[in-house]
Amino acid sequence: MSLLTLPPPDLSRYSILIIEDFEGMRAILRDILLRASATRISMAANAGNAISLLEKQRFDIVLCDLHLGQGKNGQDILEEARHRALLPPHAVWLMVSAEKAAEMVTGTVESRPDDYLIKPVTETMLFSRLTRQLEKKKALAPIELALREHEYLKALRLVDAQLEGNNPHAWDLKRLKAELALQSGEHDMAKAIYEEALTLRNLPWARLGLAKLHFNEGRYADASRELKQITDGNRAYLEAHDLLAHTLEKLGDQDAAQEVIQRALATSPRAPMRQLHLGEVAQRRGEFDTAQVAFQNSIELARNTPLKSPQAYLALSQVQLTLNQTDAALNTLSRLSSDMHGNTAARLLAEAMQIPVRLHRGEKDLAQSLARKLAAELKTGAQHLPPDAVFSLAAPLLELGETSTAAALLGSLISNHHEYPEYLQRAQLIYTQAGLENEGRELVQGAARVATDIMNRGVKLSREGKLGEAIELTREARAKMPNNARLLLNHAFLLIAWMERHGRDPALNKEARNCIELARKLKPEDKRAGELLTRLELISNDFELPA
Amino acid sequence: MPAEQPKLDLSTFLLSSIHDMKNSLGMMASYLEDALAQAPAEASGETSNTPARQKTAQALYEAQRVNNHLIQLLALYKIDQSFYPFDPREQSLADLAREALARALPLAESKGIQLDCDCPENLFGWFDYELVFGVIVQALHNALHYTRSKVFLKASASETGVVIQIEDDGPGFPEFLLEQGNAAQRGISFETGSTGLGLYFANVVASLHQAGGRAGHIVLENGHNPGSQPDSQLGGGCFSLHLP
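Taken in sequence, the protein lines are chains Y and G. Under numbering that gives the first Met the number 0, think of the first position of the first sequence as 0, with each following residue one higher. Under numbering that gives the first Met the number 0, think of the first position of the second sequence as 0, with each following residue one higher.
These aren't lab readings, by the way, just hints derived from the structure by calculation. Everything numeric in this text was worked out from a predicted model, so none of it was measured. Warning: the hint list may mix true and false statements.
[As the list claims (entries may be wrong)] Result set (DSSO-like, lysine-lysine): computed pairs, CA atoms no more than 30 Å apart in a straight line:
| hint | chain 1 | residue 1 | chain 2 | residue 2 |
| --- | --- | --- | --- | --- |
| 1 | Y | Lys-307 | Y | Lys-509 |
| 2 | Y | Lys-136 | Y | Lys-71 |
| 3 | Y | Lys-71 | G | Lys-77 |
| 4 | Y | Lys-522 | Y | Lys-307 |
| 5 | Y | Lys-190 | Y | Lys-137 |
| 6 | Y | Lys-227 | G | Lys-77 |
| 7 | Y | Lys-135 | Y | Lys-190 |
| 8 | Y | Lys-522 | Y | Lys-479 |
| 9 | Y | Lys-135 | G | Lys-153 |
[What the hints assert, rightly or not] Which bits of chain Y does chain G cover? Going by a derived footprint, with three or more residues having C-beta under 8 Å, they are:
| hint | segment |
| --- | --- |
| 10 | 91 to 101 |
| 11 | 117 to 125 |
| 12 | 164 to 173 |
| 13 | 196 to 204 |
| 14 | 232 to 239 |
Note that the Cβ used here is the ideal one computed from N, Cα and C, for glycine as well.
Please construct the entire structure, taking both the sequences and the accompanying hints into account.
As structure tokens, then:
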């Protein structure tokens with residue numbers, strides 16, 4: 000009788016973590032693993048225990064139930080473990096679930112589990128998946144290491160080397176390669192892979208990848224067409240819904256954007272970022288009640304996760320102010336302080352945002368004294384305030400006669416966003432409405448001109464071969480406008496050009512990398528960040544270049 | 000987010016009950032499989048087919064059978080409501096065969112049925128694992144039910160994709176099934192007591208798999224029919240799933 004039986008894997012050398020809230024299931028999984036000679040098995044019944052075990056020990060294998068009752072689920076633990084690099088590069092993460100969930104099949108390489116098992120988990124299933132994944136992850140470990148170091152070029156080269164043989168995971172590797180190509184600004188390479196995949200069959204991940212390329216390059220109508228092909232057929236592909244909503248917003252169709260987000264939330268409501276997105280769109284459409292509920296949901300869902308950010312609190316307090324619920328708005332701001340204690344920027348934001356609320360309540364004296372108290376801090380910390388906060392603070396500050404604070408806030412905003420005409424217009428409008436049209440023009444145009452001048456002078460100096468001077472200039476400017484994505488990329492470009500000429504320097508290398516990573520965070524769709532990372536990587540390469 | 004006056008919606012109860020029953024049966028199947036896996040170790044080397052073992056295997060089969068049906072129902076519901084996360088990937092057919100055969104093995108052993116397989120280790124196909132797994136296990140269970148002494152699973156490459164075939168040496172499919180086998184819209188047959196769920200599910204799953212303008216399909220045949228399409232070796236019923 001030939002039943003293709005495989006010998007059980009020898010798990011004696013591996014440390015294994017079982018994360019499962021149901022005791023009976025934990026015992027079943029443990030018993031199966033014991034039959035494969037496993038000796039080092041740890042068990043966690045909830046996310047808290049799981050994270051503290053992951054912090055203490057480097058596990059080779061994690062079996063994790065997707066649904067863990069209240070609180071964080073398996074996907075949250077996986078993302079936190081990957082984000083905080085709590086797993087060794089060869090680790091295998093198998094997600095166990097009662098049914099196939101949308102979260103398991105979409106997402107990027109950082110958010111996908113290595114494989115998923117649908118209950119009932121049987122011995123053969125667990126052994127054959129473990130055998131395959133252990134073997135696969137062993138081969139992929141060097142790629143994973145390169146990824147952690149943000150060495151995308153090296154990772155790409157390693158993927159290519161593995162693709163040369165007749166690799167059984169060829170399409171997993173190609174999918175990874177396309178993601179890497181996107182990260183390193185190699186859009187054509189990514190596009191070729193996605194298109195090849197789509198000639199094979201209608202693969203949602205490939206279509207989504209293609210749509211991302213369209214979106215990043217500003218072809219919103221094309222992105223929308225591809226995305227609708229995914230979402231019209233199936234509402235399980237959540238990531239496609241999220242991107243479609245952003246695309247529709249770019250196309251100016253706020254109504255459709257909201258509809259798409261709500262459809263995705265009907266499938267998967269426990270997503271703080273998606274709730275936040277719904278709130279933002281609803282707020283823009285004037286549906287303040289919907290926005291309020293969405294922001295509240297977002298805050299609740301993110302409270303104990305790394306996704307927690309001041310953004311949702313700020314937005315909620317603004318909606319509450321619009322709805323005349325000033326007590327609620329003050330309450331939201333004090334929750335921001337307490338939920339994010341230890342975060343000075345959040346504390347400043349929470350205090351400063353009381354100014355418009357107090358003013359709205361007719362408590363002008365309170366607003367005035369608060370504005371005076373915070374003036375110095377606001378001037379020095381302006382760059383840490385989100386643009387939305389600056390815009391809603393500026394008018395009340397002008398009304399209170401705190402013109403220098405308002406100017407500092409708006410000036411900082413403009414110099415960090417000199418290429419965003421809508422910001423320039425909004426800032427000007429605030430001054431105009433306060434009857435200070437000329438002062439506004441001077442400030443707004445002035446700040447934008449200073450930023451443009453610096454860019455131009457930097458380019459000129461570097462063309463003249465005066466790299467050192469150019470670097471001095473952009474470095475100094477960076478201190479004044481630390482969140483200007485173009486300046487950051489220009490500065491990184493100069494540092495890289497200098498190292499290309501004079502050799503690698505660890506301090507400059509680090510400075511360039513920091514600039515690129517911050518710029519990528521501020522402007523994720525700009526492919527220059529990826530291209531510069533690749534050039535930076537080449538300066539210190541200890542591997543052969545792809546031909 | 001408290002709801003106002005909760006409105007009684009029976010379909011919500013039905014759905015959550017199906018989930019609950021499915022999970023509970025899944026646990027039961029796991030316990031029984033565990034019990035069977037531990038039993039031979041205690042049987043002092045002798046792989047005797049004791050009555051207790053046979054009964055456990057039977058119970059496992061029943062638990063799995065109903066569990067499979069519930070999984071199929073839920074998958075069909077999700078497909079119908081278009082939120083099944085259909086995820087075709089290039090995967091090993093040997094792994095699929097291994098896992099499906101392991102599901103069927105306890106019942107085969109307890110009934111004294113010989114289970115064989117022919118599948119190259121380096122054969123890969125594009126498919127949604129969970130859906131196709133459900134179809135194959137169902138076909139194996141059917142074959143074990145109707146066969147005389149043997150069940151054979153074969154996976155092979157075809158001109159347009161892959162074929163997975165399950166055949167037996169029983170009397171073959173009754174005429175009405177052969178006629179209706181490929182009709183996805185087959186309803187419930189009260190005469191035979193068969194709900195038709197398995198066949199319907201297999202048809203839906205097959206047709207979801209598409210590539211190069213082709214969709215997957217299933218074929219039901221009897222090996223002893225002259226001119227039978229698959230290369231049947233056992234002469235009984237033969238179910239095949241063709242995937243592009």
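Requested in this report: Please write out, lowest number first, the hints stated earlier that are contradicted by the structure.
Outcome: When the structure is compared with the hints, none of them turns out to be violated.
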